[in-house]
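Undergrad: Sequence:
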Amino acid sequence: MATLPPGPVRLYGPQFEKDPGALYAEIRRQHGPVAPVLLEGEVPAWFVCGYREVHQVTTDSQLFARDTRRWNAWSQVPQDWPLAAYVVHNPSVMFTEGTEHRRRAGAISDALDAVDQFELSTQCERIADQLIDEFAGTGEADLMAQYAERIPLRAAVAMCGMPTADMPGMVRDLGLSIDSSGQESLDAYGRVQQAMARLVADKRVAPGPDVPSRLLQHPSGLTDDEIVLDLLVVMAAAHQPTTYWIGNTIRLMLTDVRFATTLSGGRASVGQALNEVLWQDTPTQNFIGRFATRDTRLGGQRIRTGDLLVLGLAAANNDPHVRKDAGGAVGNRAQMSFGHGEHGCPYPAPELAEVIARTSIEVLLDRLPDLMLAVPAESLTWRPSIWMRGLTSLPVRFTAV
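Note that my numbering gives residue 538 to position 389 of the sequence shown, counting from 1, and the numbers run on in steps of one.
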């Protein structure tokens with residue numbers, strides 16, 4: 150990659166979309182572990198790309214806080230800013246701090262911790278088999294649109310104890326609210342919120358062995374409105390990261406000779422591939438963000454009160470200071486892909502996501518053992534997102550069954 154011009158680096162555009170990993174490395178080379186960047190619309194921020202610095206920011210929630218109303222650059226944000234959905238404050242667990250955050254996040258963790266992982270795996274096997282049945286006889290499929298994108302939402306809806314008849318509509322509208330834009334996305338989100346409110350109201354009357362019921366019964370005393378908002382956050386967080394974790398792992402196993410040699414027996418390699426993807430090609434590339442509560446210094450840079458820090462999770466995972474021995478790094482689970490600290494992905498959500506991803510891939514390999522890419526690996530394309538790393542499609546072929 151050519152040397153970057155002096156000053157803030159644009160964390161968007163063709164250079165970013167072509168090879169974000171190379172851009173992260175060049176940013177680190179020129180600026181160090183914390184760099185001035187411009188987000189879309191020329192909005193200023195700091196890009197935290199050093200592993201130690203990401204760990205420091207996510208650990209110190211008093212100095213680097215989560216409430217977006219602290220941001221000192223709101224006056225520079227364009228009215229139609231495409232990233233507004235990530236920073237406009239709402240009263241969900243996403244933007245709470247301190248005692249209130251611990252109350253809300255603790256309830257979510259307890260509700261998720263009660264999920265039977267064996268039962269979840271069985272549900273995912275059933276969902277995977279149903280989806281594979283739809284294309285197994287054709288000998289070809291797009292594993293993103295027809296498989297990876299459809300499993301996590303179905304699994305999340307099942308964990309919420311939604312009536313079977315309501316599941317298709319909820320899955321459809323959740324997908325539209327996340328993946329579409331404009332009025333279509335707003336309308337879909339409105340329907341999702343209404344459906345979730347009905348579900349919570351029903352669970353208050355007739356609780357079951359599901360996440361909403363556990364939140365309603367939790368000693369933290371969550372209101373129905375808080376539960377609806379927080380369940381929507383959990384749903385959204387479960388969808389794209391797990392979808393792309395599945396897709397990126399299948400891609401790795403179909404393109405890397407280390408995994409191709411054991412593909413027909415897949416199970417021994419799936420766990421290694423899942424972990425390697427988190428280090429090398431993590432679905433959640435960056436996260437917006439944290440906001441400095443006072444003037445401070447970080448990674449050699451002077452951070453002002455209210456400055457926005459974008460967490461460069463993918464860049465941190467590939468920080469050469471912690472990746473001197475790449476083989477050793479990918480063998481452990483100290484990656485930053487799920488964040489860190491009290492605002493990281495709540496325990497045990499990463500474990501549940503891994504159950505969904507691992508089961509989905511194992512069932513696929515068991516059912517279609519001669520699975521192979523239908524196009525050259527280099528022709529696969531990535532979604533142009535600053536936040537997520539996922540394929541637009543994953544065309545494959547196999548022996549029709």
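In short, the hints are calculated from the structure, not lab data.
Ideal Cβ positions, reconstructed from N, Cα and C, are used throughout, including at glycine.
Be a bit skeptical, because a hint or two may be false.
In silico lysine to any residue, SDA-like type, Cα no more than 25 angstroms apart, as pairs [unchecked claim]: (1) K167 x R516; (2) K167 x R443; (3) K167 x T287; (4) K167 x R252; (5) K167 x T208; (6) K167 x L540; (7) K167 x P193; (8) K167 x R451; (9) K167 x P185; (10) K167 x A194; (11) K167 x L269; (12) K167 x Y496; (13) K167 x A350; (14) K167 x M537; (15) K167 x L187; (16) K167 x P533; (17) K167 x G190; (18) K167 x G455; (19) K167 x V354; (20) K167 x P231; (21) K167 x T404; (22) K167 x P155; (23) K167 x L522.
Restraint-style ranges between C-beta atoms, simulated for each label pair [claimed, not checked]: (24) R546 x R321: 37 to 47 angstroms; (25) T313 x Q179: 29 to 39 angstroms; (26) P497 x E191: 35 to 45 angstroms; (27) A263 x G156: 44 to 54 angstroms; (28) T313 x R451: 32 to 42 angstroms.
Undergrad: Assess, step by step, whether the Cα of K167 is no farther than 25 angstroms from the Cα of R252, and give holds or violated.
TA: This hinted pair is violated, its Cα atoms lying about 42 angstroms apart.
Undergrad: Does the hinted range 29 to 39 angstroms hold for T313 and Q179 at CB?
TA: At roughly 55 angstroms between Cβ atoms, Q179 and T313 fall outside 29 to 39 angstroms, so the hint is violated.
Undergrad: Regarding the pair K167 and L269, is the alpha-carbon distance no greater than 25 angstroms?
TA: violated, 37 angstroms
Undergrad: Check the hint pairing K167 with V354 against an upper bound of 25 angstroms on the C-alpha distance.
TA: violated, 52 angstroms
Undergrad: Within 44 to 54 angstroms: is that where the Cβ-Cβ distance between A263 and G156 falls?
TA: holds, 51 angstroms
Undergrad: Mind checking the alpha carbons of K167 and Y496 for me, to see if they're no more than 25 angstroms apart?
TA: The given pair, whose Cα atoms are some 34 angstroms apart, is violated under the 25 angstroms limit.
Undergrad: Check the hint pairing K167 with A350 against an upper bound of 25 angstroms on the C-alpha distance.
TA: Given that 25 angstroms is the threshold and the Cα spacing comes to 47 angstroms, the pair is violated.
Undergrad: CB of R546 to CB of R321, is that within 37 to 47 angstroms?
TA: violated, 28 angstroms
Undergrad: With the threshold set at 25 angstroms, check whether the alpha-carbon distance from K167 to T404 stays at or below it.
TA: holds, 19 angstroms
Undergrad: So if I understand the rule, the pair passes when the alpha-carbon distance is 25 angstroms or less; does K167 with G455 pass?
TA: Given pair K167, G455 is violated - Cα atoms ~31 angstroms apart, limit 25 angstroms.
Undergrad: Taking only the CA atoms, is the gap from K167 to P533 under or equal to 25 angstroms?
TA: holds, 9 angstroms
Undergrad: Given the hinted pair K167 and R443, is their alpha-carbon gap at most 25 angstroms?
TA: With a Cα-Cα distance of about 36 angstroms, the restraint between K167 and R443 is violated, given a limit of 25 angstroms.
The structure fails hints 1, 2, 3, 4, 5, 8, 11, 12, 13, 18, 19, 24, 25, 28 (numbered hints given earlier, in ascending order).
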